[in-house]
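6 protein chains.
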Amino acid sequence: MPTEPDPDAAAAVQELLGGRFGEMSTLMNYTYQSFNFRGRNKVKPYYDLIANIAAEEFGHIELVAAVINGMLTGATDGDDIHQSPLKSYKGIGNPHHFINTGLGALAGNSLGQGWNGEYVFNSGDLVLDLLHNFFLENGARMAKIRVYEMTDHPIARQMLGYLFVRGGVHALAYAKALEELTGVDVKKMLPIPAVPDSAFKEAQPFTDQGLHGKLYRFSPEDFKDLGAIWHGEHPIDGTPLEVEDGPPEGGQQWDPPEEKAVSSPGLNPEELQEMAQRLLRNV
Amino acid sequence: MPTEPDPDAAAAVQELLGGRFGEMSTLMNYTYQSFNFRGRNKVKPYYDLIANIAAEEFGHIELVAAVINGMLTGATDGDDIHQSPLKSYKGIGNPHHFINTGLGALAGNSLGQGWNGEYVFNSGDLVLDLLHNFFLENGARMAKIRVYEMTDHPIARQMLGYLFVRGGVHALAYAKALEELTGVDVKKMLPIPAVPDSAFKEAQPFTDQGLHGKLYRFSPEDFKDLGAIWHGEHPIDGTPLEVEDGPPEGGQQWDPPEEKAVSSPGLNPEELQEMAQRLLRNV
Amino acid sequence: MPTEPDPDAAAAVQELLGGRFGEMSTLMNYTYQSFNFRGRNKVKPYYDLIANIAAEEFGHIELVAAVINGMLTGATDGDDIHQSPLKSYKGIGNPHHFINTGLGALAGNSLGQGWNGEYVFNSGDLVLDLLHNFFLENGARMAKIRVYEMTDHPIARQMLGYLFVRGGVHALAYAKALEELTGVDVKKMLPIPAVPDSAFKEAQPFTDQGLHGKLYRFSPEDFKDLGAIWHGEHPIDGTPLEVEDGPPEGGQQWDPPEEKAVSSPGLNPEELQEMAQRLLRNV
Amino acid sequence: MPTEPDPDAAAAVQELLGGRFGEMSTLMNYTYQSFNFRGRNKVKPYYDLIANIAAEEFGHIELVAAVINGMLTGATDGDDIHQSPLKSYKGIGNPHHFINTGLGALAGNSLGQGWNGEYVFNSGDLVLDLLHNFFLENGARMAKIRVYEMTDHPIARQMLGYLFVRGGVHALAYAKALEELTGVDVKKMLPIPAVPDSAFKEAQPFTDQGLHGKLYRFSPEDFKDLGAIWHGEHPIDGTPLEVEDGPPEGGQQWDPPEEKAVSSPGLNPEELQEMAQRLLRNV
Amino acid sequence: MPTEPDPDAAAAVQELLGGRFGEMSTLMNYTYQSFNFRGRNKVKPYYDLIANIAAEEFGHIELVAAVINGMLTGATDGDDIHQSPLKSYKGIGNPHHFINTGLGALAGNSLGQGWNGEYVFNSGDLVLDLLHNFFLENGARMAKIRVYEMTDHPIARQMLGYLFVRGGVHALAYAKALEELTGVDVKKMLPIPAVPDSAFKEAQPFTDQGLHGKLYRFSPEDFKDLGAIWHGEHPIDGTPLEVEDGPPEGGQQWDPPEEKAVSSPGLNPEELQEMAQRLLRNV
Amino acid sequence: MPTEPDPDAAAAVQELLGGRFGEMSTLMNYTYQSFNFRGRNKVKPYYDLIANIAAEEFGHIELVAAVINGMLTGATDGDDIHQSPLKSYKGIGNPHHFINTGLGALAGNSLGQGWNGEYVFNSGDLVLDLLHNFFLENGARMAKIRVYEMTDHPIARQMLGYLFVRGGVHALAYAKALEELTGVDVKKMLPIPAVPDSAFKEAQPFTDQGLHGKLYRFSPEDFKDLGAIWHGEHPIDGTPLEVEDGPPEGGQQWDPPEEKAVSSPGLNPEELQEMAQRLLRNV
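Chains as they are written, first to last, in the working numbering: chain S, 1 to 283; chain R, 1 to 283; chain B, 1 to 283; chain V, 1 to 283; chain H, 1 to 283; chain Y, 1 to 283.
No lab work stands behind these hints, which were simulated from the structure alone.
Keep in mind it's a predicted model, so treat the numbers as computed, not measured.
Hints are supplied without guarantee of correctness; some may be wrong.
For identical chains, the list gives no copy identity; a pair is met inside one copy or between any two copies.
Claimed, not checked - In silico SDA-like cross-links for lysine to any residue, where the CA-CA straight-line distance does not exceed 25 Å:
#1 K187 to Q253
#2 K42 to G59
#3 K187 to Q273
#4 K87 to G250
#5 K42 to E221
#6 K188 to E270
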């Protein structure tokens, strides 16, 4: 994933991780809604839907965090502490990326404010909570578009292409759930704002693979009733809506490179590695 | 899980979910440390340890949230809105449990303040982060003891018994990791405070099952190197320290009962269920 | 408005003033959306609608604040400072009502946290902002219902009856605006939660007066185009939807009684009055 | 109002809107003080003064918000989303202006922190509250001077010229009220800091019109007793202090231009307009 | 200092420690104003005054913290952890006193919110900063009166008696400084609110000792010029205003008793003491 | 101390004053731990140690504040308000340095967030609190290293050299205290991160003076038992560990120069000085 560092863009991407409409918010809204879902057995498809999307969101915070790591990698001028290797980044981006992390992602937004548990909405009333989730997904889409307009950093753009498509699935899923409950054809409002995913060339590869029509079933044992809501055709291009067992195929795990200047993961990684090797004889 | 409602105790238990030393904090500290771990392949046992404990912590937020739901269940006087079914709970516990949730858990602490992403510590330096984690686990243990002293609600106590034991495993694991890296026998400090788990009768059943010696490997594919750190004997009773493949056996899933007074999950759950049944014909 | 003081209920009512779904939030969301409305002349009915509802919300913060004042009036034991006239209120309600105000309303929520400008949502995209407003009104309705269930204090209940009806008008207005823009019959979702206003006996007098069908035009000069959106019939009872020039007839201004114990408005109001009289000779 | 965009200056101007000493603070302090004013009929001139100034402050938040909109207008490079039209603004100004608004004003300060209800001071004691207000107006003046020194953007400067004069009226009014109550000639301290309004050339036009001597009576019915406090001569130039019925003559309403790049008010404003026209046939 | 525990009152007293108008605020306002005082040598008496009062305020946070410790001492039911020794305090006072401290003072207010550095006002302009300080002292006095009315706990009352007198000195000192700079006889406003210190019987002993006329010179070397401001007579009773070298005679140091239930300072203090004795052989 | 102004670096240095790991945090953690220390007479060396280090930390906040003042001095373009003397600093550093202070230090961090009382950890359990303090000192060291890497401003570097050494003393002192209590040789972990103080050339002069082996006894009367913990040899270079009576010799007091552009300390300092001279005739 090696690319040019861009701390200013990385600071902006934080909004998509720890902002009110970032992935921490979608993750935790759906997680707490599933934890607190009363009478879930009676309306199991709705429970399954929310709990299952929560599971996918965990992968999204991992993805955005990896991208931020990638955008910060290399944001030092050499490794010699005395040569002020962070000096040219003074006043650039989020100072906490440099001071409080080893060029890593923060659980906060583009202003550096921490993600807050008060961002979770969970009234207990299913219609209201679904309406919230539908709004949240659309608000999140807006934030992503704005960050898209702010940077063309290649790994940010690739991530955004993927998230436009997956976020679109979640918005549609909540719309269909609302429709089942209330009879209102909410999905007709989509996309909000009125620029289709197909307008983003980075979304194309994922649409080509049909990802906009798939809901992954993260726990095949538990979430059996997703298909009760997720079926029919995609309102834009008629792609059949299908539930696929198992999580999406993960990309290859990325190991963010060491950054000696900020002693991440420690000033003498060779020494650490030697220790690790010694340890591994115990396995 | 039906028990007497106790909103005051439920408000206190929130500290263990969304307080600075609650399970949201352990979960998110280890999660972000694993996301941002640079050079992880060189020191894989440490990465595996942190990422694997993060995985277990997710189960802990679920557990604490379920207990809070249980402690709030029934905290209404009938279902008739006009009869002010929440009136006797005015001034009791956390008002947001009643106003902002349908008697569910909040992502906040015992004062009602939201959990904050600034609680995450992740300097990038492995020794410093492990020292933090060791401190965090001990701070978390203190908070649990204080809440234990504040309530003898049976489901809170059962949860605490379990968490004392599992938290003890995590504290010991970080101590051993620190010891490998620095040569300092940190585990000799344990337990902090100096009251052993065995002093809590509710921890006994779990210790009897040997849970204090087991590290669960949540992803057998990924976290192969845990044994490099987690081996030897438990410093207190000599129980062999073992890695067990797979997550702990979950308890039976609990479906928190409906609460009509707060329209959770909706004022007419029968109607909702009918819809759900109709939906399920689609599966 | 003299009634029994009830500081615990007053603390709960604060949620409806300064909580995320309180009147400060509806006021400021619509206010900032109107301030920042770009291209307003091209889509004037929408601008008029948002700006006009903002104007009504100002009256709502005044109303809720008056009710809180009323619920706190008399919450002292005599006026003698040495006799600890607030002692029986220690641990009751929100301490800031006593310490930081003279038994008056705070710009904060039921936990005592200040209302925050971050509660304002204003993406600029009209569809998204209207969707937010529709959600906000419904979330606000939920909060009102929960507070209704928490207290039967007569002035709180009267206020709630009125706000159910007016909030219902706003929810419907945003639903109709959304419908015009997107073709989606959003109003079919109402009411959320699924308990109609008619279920609240305190709402009855206001429905009887037809207030659920009226949109007040606060600035007859400026907001001429409200009727483009607000017309037709009420979806529940068929009441014709009408725009009425001018604000609603205000209730009689209420002068909250002095509270000597908290020197509000000063320890010697007689002396103050004398000064005031002297001043008035200048008018 | 078309001018060069200057997002860095717009971010600074936010301090005057949502900072502790911004117009949201003056507005809400006086608003809550009037809402909570106990025994107001006995000391009506004071009540009238505070409530009346609150009314004027509403116009001030509108003004500052309009200026921020003006300073952000045009802060995009074209409208093509794929061309990253916000890229050159990455790291410039407040990212939330771009991500969370459609180039509009935020209810927050120059650091992006939301305005907070805890900024309201309202002890209930009239002397103390007036002393606070006197201090607040002077603190607000200092903030304005500092922002004046930070930007010579023409619309910011024009706004500042106006606000210096009107803020000066409010400071003087509170000084006179304090003097009536306590006999202390507080107005002798003015101006704070010791640079007169006349030093700001942008204030001159407004002083020339005598605005520094006028108190507008926003509600001629309600606030009849303003003259009991606001009379005599201006301490600096002897201008007679007069109450004028009615609000100040507003400037021409400004319609901030559309910004397609941020879909404000929507990606296809022409389409929106067509809808609006259709709607208007209903009026 | 052994007295009855009163956690509800202790929670209220926190406002005087960590609230916006608490001793942390007076301490830190004057401390930062002295740190940032530019050109201090030219106007040394003012610098001396602010820096010297800052020094006294440090003693005040110590005093309030000691009182809170005293009011919490004994707030447990025995020492046996299994007997839930904190159970009867569930829902009483501030839960963080029990969970996050060992029955000690928090750096926060009566709502449990942390003291915040944003409470510091320091414009740099001497007149404005002094005006702020004068206001702050009067706001602090109001908070103290309200807490006085809320509790008659003997150690709280004794503390309040002392702080009324010393706070009065500080308010007067800032008034005199303002008067010297501006010619305005600000001290004529005092006391605010208009109830004299002599009305509080607990203040009497300190007034009898003449403490209301004394300014302690905390650093006789540094703060030589205090007398330039602090001289003349007390406006209420004519007591001569005098600077006294050295800090006020401290009360006897109090050692808050151990609380085994919350392991403060540790579960086995005898063991700790043995260690301490062993250590002392090294001295 | 006149140097080139560098507001961007000054904003970063704020992290070391008001950040979670800044000097405000070390000061207030140890201060509150000493205030709340129960049973202190039984374990007096530990009490003495914590209280004594608290005293030294006060000097550190003064030092960091002075450095920030120095780095901001001169950050204006002339003194003429009309010439926008702050214009070239728009978008540079922390806007509150310019708007809310007269180029002075804030009680906040590098993001401009206020220091918060919730940063204080004080469980009451001595081992846990000491473990926290040991962690805190190492976290603080990491923050200092990162700021060191971010700026080579001469006064920042000099300050950092000094603070590395004194922070090292505190970390070692807490390590030794923990070792006495638990038998664990914690100091063997030091330094964290694994770059020794000797690697920082600016620390050299202070190490040469032996400051890394000295604990200053701030109150010779009170803190007699420090030697029980602080004795033996420095683990790195064998320097004898000694307690020295009295505080460190202070540097010469620095008077930060006036900044007319921001009216600090007032627009006409000559006039102020004249007043001051007049005042001094009273001394």
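Now the hints, each set against the structure:
In this homomeric assembly, K187 and Q253 never come within 25 Å of each other (Cα to Cα): the closest approach is 35 Å inside a single copy and 32 Å across copies. Taking the shortest Cα distances, K42 and G59 sit within 25 Å of each other only across copies (24 Å), while inside one copy they are farther apart (29 Å). Taking the shortest alpha-carbon separations for K187 and Q273, only the inter-copy value of 23 Å comes in at or below 25 Å, while the best intra-copy value is 53 Å. Taking the closest pair of Cα atoms, K87 and G250 never come within 25 Å of each other, the shortest separation being 37 Å inside a single copy and 30 Å across copies.
For the identical chains of this complex, K42 and E221 are intra-copy neighbours only, at 18 Å inside a copy versus 36 Å across copies, given an alpha-carbon limit of 25 Å. In the homo-oligomer, the alpha carbons of K188 and E270 lie at most 25 Å apart only across protomers (20 Å), although the nearest pairing inside one protomer, at 57 Å, exceeds that limit.
The structure shown violates the earlier hints numbered 1, 4.
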